[in-house]
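S.K.: From first to last, the protein sequence lines stand for chains A and B. Counting from 1, one number per residue, gives the positions in the first sequence under my numbering. Counting from 1, one number per residue, gives the positions in the second sequence under my numbering.
Hints are computed from structural coordinates only; laboratory data are not their basis. One or more of the hints may lead you astray.
No copy is singled out in the list; a pair is fine if it fits within one copy or between any two copies.
Unchecked claim - Below are the BS3-like pairs computed for lysine-lysine, each with C-alpha atoms no more than 27 Å apart in a straight line:
1) K119 x K42
2) K51 x K208
3) K51 x K146
4) K42 x K146
5) K51 x K6
6) K6 x K146
7) K146 x K119
There are 2 protein chains.
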Amino acid sequence: MRVDAKMQATGEVFMPLASAINLLLGSGGKRLRPALALLASKLYTAANNEKVVSLAAAVEMLHSATLVHDDVIDGSLLRRGQATLNASWSQGATILAGDFVFARAAFFAAETDNIRVMKIFSQTLMTIVEGELRQLYALRNWSQPKDAYYQRIYGKTAALFAAATEAGAVLGDAPEGEVELLRDYGYNVGMAFQIMDDILDFVGDPNKVGKPVGGDLRQGTVTLPVFYYLQTHPEALQIMQASGNGHTNGNPLGQLIADIAQSSAIDATRQEAVQFVETAKACLASWPASVHRQALLDLADYVVVRSL
Amino acid sequence: MRVDAKMQATGEVFMPLASAINLLLGSGGKRLRPALALLASKLYTAANNEKVVSLAAAVEMLHSATLVHDDVIDGSLLRRGQATLNASWSQGATILAGDFVFARAAFFAAETDNIRVMKIFSQTLMTIVEGELRQLYALRNWSQPKDAYYQRIYGKTAALFAAATEAGAVLGDAPEGEVELLRDYGYNVGMAFQIMDDILDFVGDPNKVGKPVGGDLRQGTVTLPVFYYLQTHPEALQIMQASGNGHTNGNPLGQLIADIAQSSAIDATRQEAVQFVETAKACLASWPASVHRQALLDLADYVVVRSL
Numbered sequence: 001m002r003v004d005a006k007m008q009a010t011g012e013v014f015m016p017l018a019s020a021i022n023l024l025l026g027s028g029g030k031r032l033r034p035a036l037a038l039l040a041s042k043l044y045t046a047a048n049n050e051k052v053v054s055l056a057a058a059v060e061m062l063h064s065a066t067l068v069h070d071d072v073i074d075g076s077l078l079r080r081g082q083a084t085l086n087a088s089w090s091q092g093a094t095i096l097a098g099d100f101v102f103a104r105a106a107f108f109a110a111e112t113d114n115i116r117v118m119k120i121f122s123q124t125l126m127t128i129v130e131g132e133l134r135q136l137y138a139l140r141n142w143s144q145p146k147d148a149y150y151q152r153i154y155g156k157t158a159a160l161f162a163a164a165t166e167a168g169a170v171l172g173d174a175p176e177g178e179v180e181l182l183r184d185y186g187y188n189v190g191m192a193f194q195i196m197d198d199i200l201d202f203v204g205d206p207n208k209v210g211k212p213v214g215g216d217l218r219q220g221t222v223t224l225p226v227f228y229y230l231q232t233h234p235e236a237l238q239i240m241q242a243s244g245n246g247h248t249n250g251n252p253l254g255q256l257i258a259d260i261a262q263s264s265a266i267d268a269t270r271q272e273a274v275q276f277v278e279t280a281k282a283c284l285a286s287w288p289a290s291v292h293r294q295a296l297l298d299l300a301d302y303v304v305v306r307s308l
Numbered sequence: 001m002r003v004d005a006k007m008q009a010t011g012e013v014f015m016p017l018a019s020a021i022n023l024l025l026g027s028g029g030k031r032l033r034p035a036l037a038l039l040a041s042k043l044y045t046a047a048n049n050e051k052v053v054s055l056a057a058a059v060e061m062l063h064s065a066t067l068v069h070d071d072v073i074d075g076s077l078l079r080r081g082q083a084t085l086n087a088s089w090s091q092g093a094t095i096l097a098g099d100f101v102f103a104r105a106a107f108f109a110a111e112t113d114n115i116r117v118m119k120i121f122s123q124t125l126m127t128i129v130e131g132e133l134r135q136l137y138a139l140r141n142w143s144q145p146k147d148a149y150y151q152r153i154y155g156k157t158a159a160l161f162a163a164a165t166e167a168g169a170v171l172g173d174a175p176e177g178e179v180e181l182l183r184d185y186g187y188n189v190g191m192a193f194q195i196m197d198d199i200l201d202f203v204g205d206p207n208k209v210g211k212p213v214g215g216d217l218r219q220g221t222v223t224l225p226v227f228y229y230l231q232t233h234p235e236a237l238q239i240m241q242a243s244g245n246g247h248t249n250g251n252p253l254g255q256l257i258a259d260i261a262q263s264s265a266i267d268a269t270r271q272e273a274v275q276f277v278e279t280a281k282a283c284l285a286s287w288p289a290s291v292h293r294q295a296l297l298d299l300a301d302y303v304v305v306r307s308l
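One chain only, chain A, in its complex shape (with noise of 0.2 Å):
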């Protein structure tokens, strides 16, 4: 694929640097972000290749940069079932090898010589940064309101979605009101991604998820599982409050996480993740049928049905 090669030739890179990358964007991942700007921008054939290929490179890398700092943040030593950066590096390289990724980012969004799309990409990036942060100071606030939630999956994820698409489309001269129909199929994309990611928290199989199950409960992050959960078991608050600080004896959560897993919750939950979606495919309505329109509709679809 042209984008990872774009992505990793890093050959002009101090050594140690350019190995970090390439174990980094090595170890997987769907490249749904790239795929989404390709798509978004194939449905205009004033689309240039090479800054289209910029486009998806820039995403995909502003993604791994994020990640590579969320590792050192949560202390994780895994991520999709392998060694994170932060397991092998020493913190500090591994905060600057995660600067290094979102100037490389934004080398590949200047590279698309579009204005509109660095500033789409700078914004994108004070949003996530800001969902992220949101995050943090909402850890343990086990009776936040449900607003709080779509705020946050909304800056860790479905910003950079949407971004991918208005972006895709800015590259493709769409006209204005297309440009906002792909934003908002986007963004839908995303809180569906984001809303099944945290149902697979409690439901995936740990191996193909790469992480044990119930983390998100765990470090204090409310998910929507959990709101659905409340509210039909409004004394599951107070399990989460007794938890405190996560060093209490024992496993509180481990009884709470299996019974959120087998409840109702979980399915009210997907309902809305697909109906999500369900909006995301109504934004491509006015596209006359193509192999790139069945490839987003296909594309939104998938994120409800995949298991990891």
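Fit chain B to the given chain A structure using the hints.
M.R.: Just chain B now, with coordinates in the frame of chain A:
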């Protein structure tokens, strides 16, 4: 100053983050880098004032972002005698605050509406981060070549000085030869500035510098005064090697630091800084006399006379 106003306009931002940014920017600093960008652009009537202010803010924000991450990496609780963000925020929040400042810097750079400036900006960020990684990798490598020092201080400091004047010239629509000369001017001022910083680490007033004397050597960073001192005192290498991982008993480097501070190595190093300043000033020889050219000449001179 309009650049400050631009940087601090964070009313729309998540509150704790807005306070952190204002704390960060309020902690002073000489604003040398934005001054370089402004002055270089002011040599040209074509420079649009709004865009030059955006560039200046971008340059200073980028600098601030790197400081935030540096302080996390070093575990520094003080900078310029004031508490760092790191001292009051959790480490995770501080990493994210640094990321946010990077994003804001990128956004200001995009506001110049100039793709070439964006590319200079993102390439410079890559160079800075690579320089810091090289510095981390070179820690306690006591017998490294002197070239490694110049490469590090280019990445750490001179790259951003050079980018500031180069981008200023680009916004002024300067002819290509003059863009190069202004970039060279910035590069040489930056090299002189960092060399002086490395001298002040030995001989500066700890109250003014805001950190204890000899910190670089204690951390294992070899700077130019050390290279000069080793030329006449090769036996000092053993003292440094014996200091090992910094966990030895007593303070084997304390006497060495005092010896270097009183040696001729300081003067030899200062001569080298003066040489960089002379080269910087020579880059401006072909411009007619003007208040902005004079300010650039004065700024170069200031770098080697400053005591902080």
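S.K.: State for each hint whether it applies.
M.R.: Status of each hint after checking the structure:
| no. | hint | result |
| --- | --- | --- |
| 1 | K119 x K42 | both (21 Å within a copy, 25 Å between copies) |
| 2 | K51 x K208 | neither (34 Å within a copy, 49 Å between copies) |
| 3 | K51 x K146 | neither (39 Å within a copy, 41 Å between copies) |
| 4 | K42 x K146 | neither (36 Å within a copy, 51 Å between copies) |
| 5 | K51 x K6 | within (11 Å within a copy, 31 Å between copies) |
| 6 | K6 x K146 | neither (40 Å within a copy, 34 Å between copies) |
| 7 | K146 x K119 | neither (30 Å within a copy, 41 Å between copies) |
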